[in-house]
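Kindly produce the complete structure, drawing on both the sequences and the hints.
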Amino acid sequence: MTIAKKFVVGMSTTVLLAGLLTGCGGNSATSSSGGNSKQLLRMTLLAEPQAMDTSIANAAVSFDILNQINEGLYRLGKNGEPIPALAAAMPVITNGGRTYTIKLRDNLKWSDGSALTAKDFAYAWKRTLDPKTKADYAFMVAWIEGGDAYMNSKGSADQVQVKAIDDKTLTFTLVNPIPFMTSQLSFPVFFPENQAFVEKYGDKYAADADKTLSDGPFTLSKWDHEQSLTLVKNEKYWDKDNVKLNEVDVQIAADNNTLANLYQSNAIDEAQISRDQVDQWKAKPDYLVEPQLYITYVEMNENVPALKNDKIRQALALAIDRSSLVDIVFHDGSQSPTGFVPSGTKDGNNKEFRADAGDVLPKYDPAQAKTLLAEGLKEAGLTSFPTTLKFTGDDTEDGKKALEFIQGQWKQNLGIDVTVESIPHKLRIEHGQKHEFDLLLFNWGADYNDPMTFLDCHESTSSFNESQFKDPEYDQLIEKAKAEPDGAKRAQYLVDAEKILVKEMPVAPVNFRAYSYLVKPNVKNILFFPYGSEWDLKNASVE
Amino acid sequence: MSRFILRRFFYMLITFWMIVTVTFVLMHNLPGDPFANSEKLSTQQRALLSKQYGLDRPILVQYEEYLLHIGQGDLGVSFAYPTRKVTDIIKESFPASAELGAESIIFSVLVGLILGITAALKHNKSWDYTAMFIAIVGVSIPSFVLGPILQYWVGVKWGILPAALWDGPANRILPALTLSFMTIAITARMMRTSMLDVLNADYIKTARSKGLSQFAIILRHTLRNAILPIVTVLGPITVNVITGTLVVEQIFAIPGLGKYFVQAVYSNDYTLIMGLTIFYSLLLIVVMFLTDIAYGFIDPRIRLAKGRN
Numbered sequence: 001m002t003i004a005k006k007f008v009v010g011m012s013t014t015v016l017l018a019g020l021l022t023g024c025g026g027n028s029a030t031s032s033s034g035g036n037s038k039q040l041l042r043m044t045l046l047a048e049p050q051a052m053d054t055s056i057a058n059a060a061v062s063f064d065i066l067n068q069i070n071e072g073l074y075r076l077g078k079n080g081e082p083i084p085a086l087a088a089a090m091p092v093i094t095n096g097g098r099t100y101t102i103k104l105r106d107n108l109k110w111s112d113g114s115a116l117t118a119k120d121f122a123y124a125w126k127r128t129l130d131p132k133t134k135a136d137y138a139f140m141v142a143w144i145e146g147g148d149a150y151m152n153s154k155g156s157a158d159q160v161q162v163k164a165i166d167d168k169t170l171t172f173t174l175v176n177p178i179p180f181m182t183s184q185l186s187f188p189v190f191f192p193e194n195q196a197f198v199e200k201y202g203d204k205y206a207a208d209a210d211k212t213l214s215d216g217p218f219t220l221s222k223w224d225h226e227q228s229l230t231l232v233k234n235e236k237y238w239d240k241d242n243v244k245l246n247e248v249d250v251q252i253a254a255d256n257n258t259l260a261n262l263y264q265s266n267a268i269d270e271a272q273i274s275r276d277q278v279d280q281w282k283a284k285p286d287y288l289v290e291p292q293l294y295i296t297y298v299e300m301n302e303n304v305p306a307l308k309n310d311k312i313r314q315a316l317a318l319a320i321d322r323s324s325l326v327d328i329v330f331h332d333g334s335q336s337p338t339g340f341v342p343s344g345t346k347d348g349n350n351k352e353f354r355a356d357a358g359d360v361l362p363k364y365d366p367a368q369a370k371t372l373l374a375e376g377l378k379e380a381g382l383t384s385f386p387t388t389l390k391f392t393g394d395d396t397e398d399g400k401k402a403l404e405f406i407q408g409q410w411k412q413n414l415g416i417d418v419t420v421e422s423i424p425h426k427l428r429i430e431h432g433q434k435h436e437f438d439l440l441l442f443n444w445g446a447d448y449n450d451p452m453t454f455l456d457c458h459e460s461t462s463s464f465n466e467s468q469f470k471d472p473e474y475d476q477l478i479e480k481a482k483a484e485p486d487g488a489k490r491a492q493y494l495v496d497a498e499k500i501l502v503k504e505m506p507v508a509p510v511n512f513r514a515y516s517y518l519v520k521p522n523v524k525n526i527l528f529f530p531y532g533s534e535w536d537l538k539n540a541s542v543e
Numbered sequence: 544m545s546r547f548i549l550r551r552f553f554y555m556l557i558t559f560w561m562i563v564t565v566t567f568v569l570m571h572n573l574p575g576d577p578f579a580n581s582e583k584l585s586t587q588q589r590a591l592l593s594k595q596y597g598l599d600r601p602i603l604v605q606y607e608e609y610l611l612h613i614g615q616g617d618l619g620v621s622f623a624y625p626t627r628k629v630t631d632i633i634k635e636s637f638p639a640s641a642e643l644g645a646e647s648i649i650f651s652v653l654v655g656l657i658l659g660i661t662a663a664l665k666h667n668k669s670w671d672y673t674a675m676f677i678a679i680v681g682v683s684i685p686s687f688v689l690g691p692i693l694q695y696w697v698g699v700k701w702g703i704l705p706a707a708l709w710d711g712p713a714n715r716i717l718p719a720l721t722l723s724f725m726t727i728a729i730t731a732r733m734m735r736t737s738m739l740d741v742l743n744a745d746y747i748k749t750a751r752s753k754g755l756s757q758f759a760i761i762l763r764h765t766l767r768n769a770i771l772p773i774v775t776v777l778g779p780i781t782v783n784v785i786t787g788t789l790v791v792e793q794i795f796a797i798p799g800l801g802k803y804f805v806q807a808v809y810s811n812d813y814t815l816i817m818g819l820t821i822f823y824s825l826l827l828i829v830v831m832f833l834t835d836i837a838y839g840f841i842d843p844r845i846r847l848a849k850g851r852n
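From first to last, the protein sequence lines stand for chains A and B. Residue numbering for the first sequence follows the numbering used here, starting at 1 and increasing by one per position. Residue numbering for the second sequence follows the numbering used here, starting at 544 and increasing by one per position.
In short, the hints are calculated from the structure, not lab data. The C-beta atom is built at its ideal place from N, Cα and C for all residues, glycine as well. Wrong hints could be hidden among the right ones.
Partial selection, computed: residues in chain A whose CB lies under 8 Å from chain B [what the hints assert, rightly or not]:
1) Ala-196
2) Lys-200
3) Lys-204
Quick list of in silico lysine-lysine cross-link-like pairs, BS3-like style, CA-CA up to 27 Å [as the list claims (entries may be wrong)]:
4) Lys-700/B x Lys-211/A
5) Lys-583/B x Lys-434/A
6) Lys-583/B x Lys-470/A
7) Lys-700/B x Lys-284/A
8) Lys-154/A x Lys-628/B
9) Lys-400/A x Lys-583/B
10) Lys-390/A x Lys-583/B
11) Lys-668/B x Lys-204/A
12) Lys-665/B x Lys-211/A
13) Lys-200/A x Lys-583/B
14) Lys-700/B x Lys-132/A
15) Lys-700/B x Lys-134/A
16) Lys-489/A x Lys-524/A
17) Lys-634/B x Lys-282/A
18) Lys-434/A x Lys-594/B
19) Lys-134/A x Lys-628/B
20) Lys-284/A x Lys-308/A
21) Lys-634/B x Lys-401/A
What follows is the structure in structure tokens.
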């Protein structure tokens, strides 16, 4: 009996002690956090990035890394303005805003020491367009003459109007003048690629750290898939004297709670957090809100008879208390929308589009909404609002909360009932594109910093015109803006186009999204961006 | 014996083929396709992509081709990560899941056995109640509750262990602990029941009357017989723990295979879904087989019975 007791007690003690001992060992390991003298920065990503292939990458997490290890002709500055990077100066634009000629800096090198030339750009862009590359963002390169045909297997690479005149001069011609083109050249899809290197690795190009080639401030020295990436300073970078960080450790963690806990235990220097953590951090210097070029709206399908009427659509829009929605549902710094183009979007002349257009979205007004609904129903020859309509959206936490909130608002302010239906993201997209819905909660993020990315999806011919909005005047304004070389005139067309949306309300904006970040106060000069790559570490430092 | 093994192997192949076929059919009946998650693709672009990947061909043709590829050990390339082969993803991500699972199993079986043995020996005394209370708590608290609690208190508030990530040995403790509770509870309860059974058996009374010490009785006679049911469930538990690390992997940011499975289903990543199903089912089949062998070693009667077959 006693021996058995000793045996059991002894075993338990051993196990407990073992646990405690390893516990202590762990403690000393974690407390050695990144010292500032080392210039080590510890960043985080919410997901594993895809291959570091500038042609194929299509997710923010991929752009986050690409923007540090690679570089294009221009980089974006603090206010989103283009700053010459591999280009020696701003482009020379001729031919009514369609032809760009750009000189490269002297002695540009890839991280393996080989020369970087204008040919690397022409090669990369044509590779992106090549249908075999299957690049999601090829449509941007297709803005170049001949690009669209090549992308759709109707033309050849030789017909694409991008050329290396010599090793240091690149020229290309666009189909239409694009006022934001210079800024857009900072987007990874316009970065150069080294043909010999790409072809050496073929299908495996950029799939691992040793299969990437850098021309940016950092190189990718280690990539443990799904776990972490290590970036180190690129000694071959043309502007290496202005790069202060020696190393960037990027940890991958998908859960915002985990990120907040890691941040609080000083294991990382940066974290993106969600609504649950915002209140805890709001008052602290670590907290940052970064508005995104990202809009959420309710699509109202005009194939549904009741939703064909302008006034009914307006009533539905006016009956949503957007400020409460943003505060209660999103609660992450998101803003109540003031139009159909999010704040922060530039107008093509380096000014804020919202400043040009003003706050055009009518305010929350339940009384007015009620009147409009009554008038609209009368016009449409209906006695009451149909009770069979479904309100569809993503089955994410944000999605479900927003659906229910809006459903409640309509019930409370208009006395109408809709059935909420939350479905997986991919199904939601499919229903949207096939126009198989009544009301749909829809998200759209900018592909480039210009109102066009938010406005041309309401064109009657757009494959993203899910609400089936058709207005010839609107289509005309968008087409005119696309062809207009004069920036001011073009901006005016777009302002006018947005006004049509306000009047006809094919969709009801409910949110301008923002992201909430925590950044250690001793970390300086990380640039955060509202679309594409989330951040730029070129000039960042740890004090 | 060899005929027995051969037959088992043949059954294994049939099981495997059925799993592959059922998954294939179910998967292609999921709404959407591998490109359905990219909201920036227009309908035309998506059709073009489907064609390029051969997804527009009749399902039977795709099925036939897929079986041929499996036969050659080729699981294809992931749709979501087009530069990565499914076999590479498994090779890179499974070790973390397996390590975490193994650590958790070793720890939890040890603790579970000790709890169970203690409870049985101190039947209906406070030790017994304490051990069973721990077991019930273990079964009742799911890992997605326990994980964040441990992470917050041990990792953040007390700062004793890393809150998450997968850097060193210290990073293993919290996730392994989180993963262990369920197994501790199961093994403790099973061990207690079977110990109680065995302790009341005639041969134990005989041993006692021979004058053997309590220690010798437990070690030589009780444990060996009482542990059999544990060994039986150990195989499935191991597979369960290793494949069920998903939640824990998410909470503690562990680069394991579990989260790929869920992601793959969400994004209709056909090749990855099939690859992981095949991998996991092979794992299960192999473990079941090993359990059978282990069982035979502990209980000679089983070995003999099979031998006669």
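Results of checking the hints against the structure:
Using the Cβ-Cβ criterion of 8 Å, the hint placing Ala-196/A at the interface with chain B is not satisfied: the shortest such distance is roughly 18 Å. Evaluation of the Lys-200/A hint against chain B yields a violated restraint, the C-beta minimum of about 14 Å exceeding 8 Å. Checking Lys-204/A against chain B by beta carbon gives a least distance of about 6 Å; that is within 8 Å, so the hint holds. Between Lys-700/B and Lys-211/A, the direct Cα distance comes to roughly 41 Å. Violation of the 27 Å bound is thereby established for this hinted pair.
Proximity of Lys-583/B to Lys-434/A is assessed by CA-CA distance (about 14 Å); at most 27 Å being required, the pair is judged to hold. Note on Lys-583/B and Lys-470/A: the hinted pairing holds, with a Cα-Cα distance of about 21 Å set against a maximum of 27 Å. Simply put, Lys-700/B and Lys-284/A have alpha-carbon atoms about 18 Å apart, close enough for the 27 Å limit, and the pair holds. Distance restraint check for Lys-154/A and Lys-628/B: the Cα-Cα separation of roughly 31 Å exceeds the 27 Å cut-off, and the hinted pair is therefore not satisfied.
With a C-alpha separation of about 22 Å, the suggested pairing of Lys-400/A with Lys-583/B holds against the 27 Å cut-off. Among the hinted pairs, Lys-390/A with Lys-583/B is consistent with the structure: their alpha-carbon atoms are about 24 Å apart, no more than 27 Å. Of the pairs offered as hints, the one joining Lys-668/B and Lys-204/A is violated, with about 64 Å between alpha carbons and a cut-off of 27 Å exceeded. Taking the CA atoms of Lys-665/B and Lys-211/A, the gap is near 62 Å; set against the 27 Å cutoff, the hint is violated.
Distance check on the hinted pair: Lys-200/A and Lys-583/B sit about 31 Å apart at the alpha-carbon level, beyond 27 Å; violated. Between the alpha carbons of Lys-700/B and Lys-132/A the distance comes to roughly 52 Å, so the proposed pair goes past 27 Å and is violated. Taking the CA atoms of Lys-700/B and Lys-134/A, the gap is near 48 Å; set against the 27 Å cutoff, the hint is violated. A distance of roughly 39 Å separates the Cα atoms of Lys-489/A and Lys-524/A; the hinted pair therefore is violated under the 27 Å criterion.
In summary, the hint linking Lys-634/B to Lys-282/A is not supported, as the alpha carbons are separated by about 42 Å, beyond the 27 Å threshold. With a C-alpha separation of about 19 Å, the suggested pair Lys-434/A and Lys-594/B falls inside the 27 Å cut-off, and the hint holds. Taking the CA atoms of Lys-134/A and Lys-628/B, the gap is about 17 Å. The hint holds against a cut of 27 Å. For the given pair, Lys-284/A sits about 48 Å from Lys-308/A by alpha-carbon distance, which is inconsistent with the 27 Å threshold.
A threshold of 27 Å between alpha carbons decides the hint, and for Lys-634/B with Lys-401/A the separation of about 39 Å lies outside it, so the pair is violated.
Hints 1, 2, 4, 8, 11, 12, 13, 14, 15, 16, 17, 20, 21 from the list above are not met by this structure, while the remaining hints are.
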